[in-house]
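**Q** These protein sequences, in sequence, are chains V and B. Just so it is clear: in the first sequence, position 181 is 181 by this note's numbering, and no numbers are missing. Heads up: take any position in the second sequence, counting from 1, add 1000, and you land on this note's numbering.
The set of hints was computed from the structure by calculation and includes no laboratory data. Bear in mind the structure is a predicted one, so any value in this text is a computation, not a measurement. Note that the Cβ used here is the ideal one computed from N, Cα and C, for glycine as well. Do not rely on the hints blindly, as some may be mistaken.
Stated by the list, open to error - One side only, chain V facing chain B, incomplete, derived with CB under 7 Å:
{"#": "1", "residue": "258"}
{"#": "2", "residue": "267"}
{"#": "3", "residue": "270"}
{"#": "4", "residue": "429"}
Stated by the list, open to error - Using 25 Å as the maximum straight-line C-alpha spacing, the simulated PhoX-like pairs for lysine-lysine come out as follows:
{"#": "5", "chain 1": "B", "residue 1": "1054", "chain 2": "B", "residue 2": "1122"}
{"#": "6", "chain 1": "V", "residue 1": "150", "chain 2": "B", "residue 2": "1045"}
{"#": "7", "chain 1": "V", "residue 1": "144", "chain 2": "B", "residue 2": "1045"}
{"#": "8", "chain 1": "B", "residue 1": "1179", "chain 2": "V", "residue 2": "535"}
{"#": "9", "chain 1": "V", "residue 1": "228", "chain 2": "V", "residue 2": "515"}
{"#": "10", "chain 1": "V", "residue 1": "315", "chain 2": "V", "residue 2": "418"}
{"#": "11", "chain 1": "V", "residue 1": "202", "chain 2": "B", "residue 2": "1045"}
{"#": "12", "chain 1": "V", "residue 1": "205", "chain 2": "V", "residue 2": "193"}
{"#": "13", "chain 1": "B", "residue 1": "1222", "chain 2": "V", "residue 2": "150"}
{"#": "14", "chain 1": "V", "residue 1": "515", "chain 2": "B", "residue 2": "1158"}
{"#": "15", "chain 1": "B", "residue 1": "1045", "chain 2": "V", "residue 2": "430"}
{"#": "16", "chain 1": "V", "residue 1": "430", "chain 2": "B", "residue 2": "1054"}
{"#": "17", "chain 1": "V", "residue 1": "219", "chain 2": "B", "residue 2": "1122"}
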Amino acid sequence: MMRKHTKPALMIILAFLLLAGCASGGEGQQSTQASSTTGESSSQQTPAEGKTGGTLNIGYPTQPVTLDAHVSSNTAVKDISREIYEQLVTLDKDAQVIPLLAESYEISDDKLSYTFHLRQGVKFHNGKELQAEDVVASLNRWIKLSSHGKANFVGAEAKETDPYTVVLQLKTPFLLTLQLLADPIPAAAIYPKEVVDEADDKGIKSFIGTGPFQLEEWKQDQYIHLKKYDEYSARAEPSDGAGGKKEALVDDLYFRFVTDESTRLAGITSGEYDIALNISVDNEQQIADNPDLQTFLSPGGMIGYFYNSNDGLFKNVKLRQAVNAIQNVDDILTSAFRDPQFYVKTSSLVLPEYPNWYSEAGKESYSQANADKAKQLLQEAGYNGEEIKIFTTRDYVDQYNVAVVLQQELESIGVKVKLDVYDWPTLQEKLGTGTGWDIYPMSYAFRPTFYQYAFWGGGAGLLKSEKLSELLQGIRTSNSVEAARPLIDELQQFVWTEVPFSQIGHTKQVTALSKNISGFQNILGPIFWNTANNK
Amino acid sequence: MVGYIVRRLLSLIPVLFVVAIVVFSIIHVTPGDPAAILLGEEASKADIDELRSKLGLDRPIYEQFGIWLLGLLSGNLGESIFLDKPVTEAFFERLAPTLSLAIIAQVIGVFLALFLGITAVKRRGTIVDQSVMGFSMLGISIPSFLLGSLLVMFFSVKLRWLPVAGYQPLTEGLWQHLKYLLLPGIVLGIIQAALITRMTRSSILDVMSGNFIKTAKAKGVKEKTIVYTHALRVAFIPILTVIGESFGGLVTGAAVIETLFNIPGVGQLIVNSISRRDYSVIQGSVLLVTVAYVFVNLIVDLLYGLVDPRVRLSKK
Chain V
1 MMRKHTKPAL MIILAFLLLA GCASGGEGQQ STQASSTTGE SSSQQTPAEG
51 KTGGTLNIGY PTQPVTLDAH VSSNTAVKDI SREIYEQLVT LDKDAQVIPL
101 LAESYEISDD KLSYTFHLRQ GVKFHNGKEL QAEDVVASLN RWIKLSSHGK
151 ANFVGAEAKE TDPYTVVLQL KTPFLLTLQL LADPIPAAAI YPKEVVDEAD
201 DKGIKSFIGT GPFQLEEWKQ DQYIHLKKYD EYSARAEPSD GAGGKKEALV
251 DDLYFRFVTD ESTRLAGITS GEYDIALNIS VDNEQQIADN PDLQTFLSPG
301 GMIGYFYNSN DGLFKNVKLR QAVNAIQNVD DILTSAFRDP QFYVKTSSLV
351 LPEYPNWYSE AGKESYSQAN ADKAKQLLQE AGYNGEEIKI FTTRDYVDQY
401 NVAVVLQQEL ESIGVKVKLD VYDWPTLQEK LGTGTGWDIY PMSYAFRPTF
451 YQYAFWGGGA GLLKSEKLSE LLQGIRTSNS VEAARPLIDE LQQFVWTEVP
501 FSQIGHTKQV TALSKNISGF QNILGPIFWN TANNK
Chain B
1001 MVGYIVRRLL SLIPVLFVVA IVVFSIIHVT PGDPAAILLG EEASKADIDE
1051 LRSKLGLDRP IYEQFGIWLL GLLSGNLGES IFLDKPVTEA FFERLAPTLS
1101 LAIIAQVIGV FLALFLGITA VKRRGTIVDQ SVMGFSMLGI SIPSFLLGSL
1151 LVMFFSVKLR WLPVAGYQPL TEGLWQHLKY LLLPGIVLGI IQAALITRMT
1201 RSSILDVMSG NFIKTAKAKG VKEKTIVYTH ALRVAFIPIL TVIGESFGGL
1251 VTGAAVIETL FNIPGVGQLI VNSISRRDYS VIQGSVLLVT VAYVFVNLIV
1301 DLLYGLVDPR VRLSKK
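With the rest of the complex left out, here is chain V:
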């Protein structure tokens, strides 16, 4: 029996080797030095100085569920919507608020009224001029439907005082009003009044904005095609972060939905895509080694272990502290992200580039890697060998990897751990029940102020604490960021003392670009205006 199959088997092996050898050959030596563009955290290439015209084919990982920016916190919605819509204000490269559709704005002394003076002559994609009524309709809808609106702007209302002036009246002062109005997700996008009026509970029916690109075609599950809007009203100041002068240097943007990473990789390598988003850290080397491509790193977000502080074993703060004490952040981050260029070790919820919110409070509790202390805390917590359940998903490889490392670290000090792996929707549902699990790793998209992190709104199992609510409330009603400073430090300290979650660090995202691309930026997401294709 063996002999009959030996020859065919040898043929197969030979064929395989030939094919694989041919395909990977000629890619050059593996260099230890990655040729990547790290830039500052605002992540910019050299400013837009490329030729105009042409197409950008973008290999994009998921299709947005909608293009209604008000209602979704989905990254795909954000990335594509911000090419189409604009907001009253936006963020510069240091994540400071600057005017966009507003010419200027004033805040009343009691911090309850924000008056926005609109620029004149700004056109929507349907040719209509932007006026106060459009802003009023859009803002009020955003307040009613967006997660930011529902959490922070209850009772607020926008009113028109003249065709180019809008007043946003708040019920209670809120420090971060402008920051949230500038936040791209969920964006307080300005739609024409008619679009808002026509919308039903399924959402808006047409996608019309004032941005440099307009929606040309949406082929479900295939691509979204945006075209340059010729009558875009650009600001005069030079481009700065997500604001300033925006130019659509290319004529067409194609967001091609390619869920499979290997296909995105093949596409950028073969030149079919000019830009490929969400390249995993494992594949980055391939891009870096390719002379026709360049890698682009941008802040990805924070990743941490979240504890079930409301139900089960981890209601006990000592146990949370124990698990926090064993963590060796270097080991964990290397396991998930391979190389220090892809992550930032910091105990602060916000990166050092944003000094207003950066805080080193509590950092002695970060990455202790102290087995003795952990064991002692386990004892103090009364841990009796119960099984600890870590829930995770393979749909997000970094979350899965850090879960495995934690399991090993805990087992090394005698803790019994069970790792339960589910697919994403199942994981969401199980976490949502609030019971039956103890720890889950989760990554949250990068935010320049920690007030904006989604989990404060009550991520699964997040500690319900008076102190926490008090601190958050104190920050939101502060008069200025300077006045809020002591509270910011206190909140950061609280995070490390009460440990509702253990932050592991901040991550970087990898985007692959063709060498022909210039002017690409990433400010809380990829930006395709001011980007040229010099092919």
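Got chain V; can you put chain B on it based on the hints?
**A** For chain B alone, kept in the frame of chain V given last:
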């Protein structure tokens, strides 16, 4: 003949009923909530509950099943939660790419298999025969995404002969249409060929030892004619069965290949809908695919009559 067809079509009903119960139960038992997925991670529980109510997901299971079943009887498969259109519309939009791909794959597969199978027969026992059998083993064992990735690496990335992924409908031009379906078609075709080659070879060998072949040889008929005209015709029946089975599999959506090559076909639709827990699309698609499968098998059975006169006569 007509009675036969009618009886076969009627047998669809119990089959569909069983499939309906099974698919409905499985996906409703699986954890995951389409309303939560639709609204996103930051949605409040109140919003999710409201949407669930609107979609009718908070009703008891048997009531949901009953409503769906009644809809089925009037030909209504429901609305897609995510795509905002009727399930039938979503499905039939996706059918064209899958059909094109299935036909291309089947054509490549059959021709390749016949060529290889007959070559193996003609040179049986030699290294050529061994290689063909080796190739067949490879084709059956290799995972489709591995073969797909290898071919893409070679033909798309290295040689740049064909695109990496994507799809253009026939309306954009024949070559444009074929260009995107060629690589995925070859991948599926090779796998098909692997299955059919073995069948072809053994079937022809079987037949070649028959008496009527000996007669033909004795009459001095050329080897070529013997193989192609006489032997193949008889040997084709089992081959036809395999083709029918595998075509059913192709039409039902080569989900992995469609995902890898980004072809908006039925397979991709089902996979995406499962990730999104789009209940109505999953249920509706599985049912429609069952219907397609039964039809294909019916056509194969009718084709028997065409190929083999013995079957035709016995029906009379």
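**Q** The structure should be examined with respect to each hint, and the outcome stated for every one.
**A** Verification of the hints:
The restraint placing residue 258 of chain V at the interface with chain B holds, with a minimum CB-CB distance near 6 Å, inside the 7 Å limit. With 7 Å as the threshold, the beta carbon of residue 267 of chain V comes within range of chain B, its nearest partner Cβ sitting at about 4 Å, so the hint holds. The restraint placing residue 270 of chain V at the interface with chain B holds, with a minimum CB-CB distance near 4 Å, inside the 7 Å limit. Hint status for residue 429 of chain V: holds, given a least beta-carbon distance of 5 Å to chain B, under 7 Å.
For the suggested pair residue 1054 of chain B and residue 1122 of chain B, the alpha carbons sit about 66 Å apart, so the restraint of at most 25 Å is broken. With a C-alpha separation of about 13 Å, the suggested pairing of residue 150 of chain V with residue 1045 of chain B holds against the 25 Å cut-off. For the given pair, residue 144 of chain V sits about 16 Å from residue 1045 of chain B by alpha-carbon distance, which is consistent with the 25 Å threshold. Distance hint between residue 1179 of chain B and residue 535 of chain V is fulfilled; the C-alpha atoms sit about 23 Å from each other, no more than 25 Å.
For the hint linking residue 228 of chain V to residue 515 of chain V, the alpha-carbon distance of about 22 Å falls within 25 Å, and the restraint holds. Pair hint residue 315 of chain V plus residue 418 of chain V holds up; C-alpha atoms about 18 Å apart against a cutoff of 25 Å. A threshold of 25 Å between alpha carbons decides the hint, and for residue 202 of chain V with residue 1045 of chain B the separation of about 17 Å falls inside it, so the pair holds. Pair hint residue 205 of chain V plus residue 193 of chain V holds up; C-alpha atoms about 12 Å apart against a cutoff of 25 Å.
Among the hinted pairs, residue 1222 of chain B with residue 150 of chain V is inconsistent with the structure: their alpha-carbon atoms are about 85 Å apart, more than 25 Å. A distance of roughly 18 Å separates the Cα atoms of residue 515 of chain V and residue 1158 of chain B; the hinted pair therefore holds under the 25 Å criterion. Between the alpha carbons of residue 1045 of chain B and residue 430 of chain V the distance comes to roughly 14 Å, so the proposed pair stays at or under 25 Å and holds. With a CA separation close to 22 Å, the supplied pair residue 430 of chain V and residue 1054 of chain B stays within the 25 Å bound.
With a CA separation close to 50 Å, the supplied pair residue 219 of chain V and residue 1122 of chain B exceeds the 25 Å bound.
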